[in-house]
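Chains as they are written, first to last, in our numbering: chain A, 1 to 313; chain B, 1 to 188; chain C, 1 to 451.
In short, the hints are calculated from the structure, not lab data. Quick caveat, the model's predicted, so the values are computed rather than measured. Virtual Cβ for every residue (Gly too), placed ideally from N, Cα, C. Each hint should be verified, as a subset may be incorrect.
[Unchecked claim] Taking lysine to aspartate or glutamate pairs in the DMTMM-like style, the calculated list, with each CA pair at most 20 angstroms apart, reads:
1. C:K261 - C:E439
2. C:K307 - B:E78
3. C:K354 - C:E364
4. C:K307 - B:E62
5. C:K435 - A:E204
6. C:K344 - B:E78
7. C:K68 - B:E78
8. C:K287 - A:D245
[Said to hold, decoys possible] Pulled a few chain B residues facing chain C out of the computed Cβ check, cut under 7 angstroms:
9. F53
10. P64
11. T148
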Amino acid sequence: MTAVAPLAPAGVQAELQAPAPPAVGPKSRLGTLAVPALLMFLSFAFIPLIGVLVLSFTDWDGISAIQFTGVQSWVQVLTDPGTWHAVWLTFALMILTWLVQTPISLLLGTFLAGQQRYRAFLAVLFFLPLLMSSAAIAIAFKSLLDPNFGLAAGLHLPFLAQDWLGNPTLAFITVIFVIAWQFIPFHTLIYQGGVRQIPEQLYEAAQIDGAGRVRQFFSITLPQLKYTIITSSTLMLVGSLVYFDLIWVLTQGGPGNATRILALDMYIRGFQANQMGAASVIGVILVVVGLVLTLLIQRIGGKDLRASQMEGM
Amino acid sequence: MTTTVAPPVTAPPTTSYARRPVKGHRNYLGGFFGWVWLAIIILPVYYVVITSFKDQGAYFAENPLAPPGPPTFTAYQEVIEAGIGRYFLNSVIVTIGAVVPLVLFSFLASYAIVRGDSRLLRFSRTLFLLGLAIPAQATIVPLYLIITRIQMYDSLGALILPYIAFGIPLTVLILCNFIRDVPRELFE
Amino acid sequence: MTTPRTSRRTFLGLAAGSALGAFGLSACGTSGPAQPGGAAQSPAAGGGAGATATMWALTGDPNEGIRKDSVDAFNKLGKGTIEVTFFQNDPYKAKIRTAVGAGQAPTIIFGWGGGILKSYADAGQVEDLTSWLNENAAFKDKFVPAVWGAATINDKIYAVPIQNTQPIILYYNKTVFEKAGAQPPATWDDVMNLVNVFNGQGVAPFSLGGQSKWTSMMWLEYLFDRIGGPEVFDAIYANKPDAWSDPAVIESCTKVQDLVKANGFIKGFSSIAADTQADQALLFTGKAAMMLHGGWVYGAMKSSSPKFVSGGLGWANFPTIPGGKGDPLNTVGNPANYFSISSKATEEEKTVAKTYFLEGLFTEAEIDAFIQSGGVPVVKAAEAKLASSPDAPFLQFVFNMINQAPNFQQSWDQALSPAQAERLLNNIDQLFLLKITPEQFATAMNATIEA
């Protein structure tokens, strides 16, 4: 959810495979070109990763000296029921955001790919949420959802005066809704681009055969969008694993622990309870889950990407 | 952590754009839901805009969705006095300072990975692949330690450097993809 | 194809150049919020002792404006310059700790004393001011004696009291009460009766910014004290095993849950945050009848709704509990705010800071400004000035409160260690949400007792 979207098929392994060595120039000298990126990545991404692992074996409060305590932090975190609650919430968030955002983005993307002029105008407006920062969106929604001074009071609809952010169940659902509000435009854009690439001949052929709009959608659009769906889903799932800003400003993990997902749990342990060791344990868990997730998605989606979708054209 | 979203670059399609068949009845249902979604999008934006013109005390007394009684600019004044110009400049510096080196480094690395072959390059490729799965938030604390040790605490560089580092895997992935599609003959 | 050929050298040069550029740009831009107001920025303004000390404080008028003026006035004296930066309350708490841990703390650190100050002192991050205060006895004598407690750790003083005293007060809306024909509550039974009265009228009995959690904590602070006396929390603070199993704890938690179940709090209280002042708005727009909150909201409400404060706002002490052991005059809250000096600052910076304390803090002008804004500054000199203020009734009420109180309990989340405080606030949140029973609350909190 947090980076530029690749539109090409997402079979990562095949992408970076070096093709047959070109017949020009000493290949080994090309290695120096990769050095800046490598150095940057190692210093500020990879080494901190090792650092998280190391810190998870310490006990540190942020201002005193770091003390090595072995597996004490691990035991503390893994035996805390709060941790497992956070894990459960995180997975629930990932799955629910996918279930909510993907169908809507698919439909909207397909809709916007049409050529009617007003749809282009709509597309521009739909893009607005992406221009707002997560914090700004959270602040705006927090005020709007206030049961006393917000939307309910404005529209005079008492049914809207629920305790959106104060009731534990409702708060979780509300968070999913606000995240969807923010990111559906992004994924709509991805799908819109994907649909635009589908050759028109397929639709014309289908129409000649008498297929209606719905049938065309399920038989042509969806299968052709397979790799776009995989890309969008990868970004969505890995992104929601680490999502922090919006949820923090909206609920700070509350009410109670109703929205205290892993990333928030890590922050609260580290920067409010000042237990950096425990926070690092959660950090390691996040990394491991992220790695497993990415590998899983690649395995499920990337198998037969070499089969061209343009066959028979 | 968010990076700016570039509009997707669509490769020139080999056939004409897909188009909803113009013949046949119009998509009323789709149109209706499109407008509904528009309302959902616009409402919070509208709310933010009109509230920016309201006075703090009056805000609680008025209907939150109504346009401000007499619009006032005190909120804007306060924000400008508090230094939003400088904050905006910070954002610009961080964005440019992160995106330019990021794209350059990634481009060099992608080119080398696609066109070259050596142990270093194979190692880089695997490393960047794994890097896709690393959530930046998990590494906050060690990053903080590194940043303070190199005396960059409370500087924009402390933001820029990690942004570059964590942006590299995905950028390399995208660029590799496009470089791979450049016909080999051009190089030869 | 006419694209110009760029050599690899050009590319590498560009890459190196952009990297250097990024470093250069990042060095020239500073990331801290801009200094509001002009005078605090130019060190040349005062001449004289050229050192500049930094200070961090909280946003929010009226105190922000008063601090700004105080610093500007000091900067003109030519004995050094202070650059002050303001932050919002909740983010500030995280930020200051990170800064202290990074060795990048400002010279003058704003705080609340108690457990956090203790952690700084234990880590050697703040100056021990005991001997300096003894040398400047006249300065030390300026302050109301009760406020030194929260700044004293192991008999050494690590901070200087500043700003106003902040006891927790029961505010109420006179207009709403008149309409209901009711009187402010004197006992807990009155409270429960009033809950029914106001719910019947469609007005929420109590406003509460529950999302902030420390607002809910205020209720328990008073209940513990009224029911069991200050000894209950003293045992907890001393980390006595099973200190949370005291019967007063269980009874207080039960009473609070009774209040929640009877709809004593505004609907949606667990999503209202105190930072947005929405809880105050509920009181002054008449949507709620009463509110338990700190002394500072008087000044805040005065800026948002001056008409309400001058005519419709009432205040009282927390009700008594029949059969309770605590003295009804005991009070809870923040005795004061505090300024500490970072031990990592240079000698010149520390000198400027100390000079500011002696000559810039609690000048006549500053004392007057605090009183004007509706606060009670923690200096003895304030008492005489209160009577002439337009807010005299309120201010004298507050001053008497802290003067007569046999015990002034510091806010728990400031008194305890940060790890304990985080657990405490989390459990209080769950208690108010009726997710845990009082017994479960006690068990969970007992687990936080540091052996």
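Right, here's what the structure says about each hint:
1. C:K261 - C:E439: holds (17 angstroms)
2. C:K307 - B:E78: Violated, because 23 angstroms separates the two Cα atoms, which is more than 20 angstroms.
3. C:K354 - C:E364: holds (18 angstroms)
4. C:K307 - B:E62: Holds, at about 16 angstroms.
5. C:K435 - A:E204: violated (59 angstroms)
6. C:K344 - B:E78: violated (34 angstroms)
7. C:K68 - B:E78: Roughly 15 angstroms separates the two Cα atoms, so the pair holds.
8. C:K287 - A:D245: violated (32 angstroms)
9. F53: violated (17 angstroms)
10. P64: Violated. Min distance 11 angstroms.
11. T148: holds (4 angstroms)
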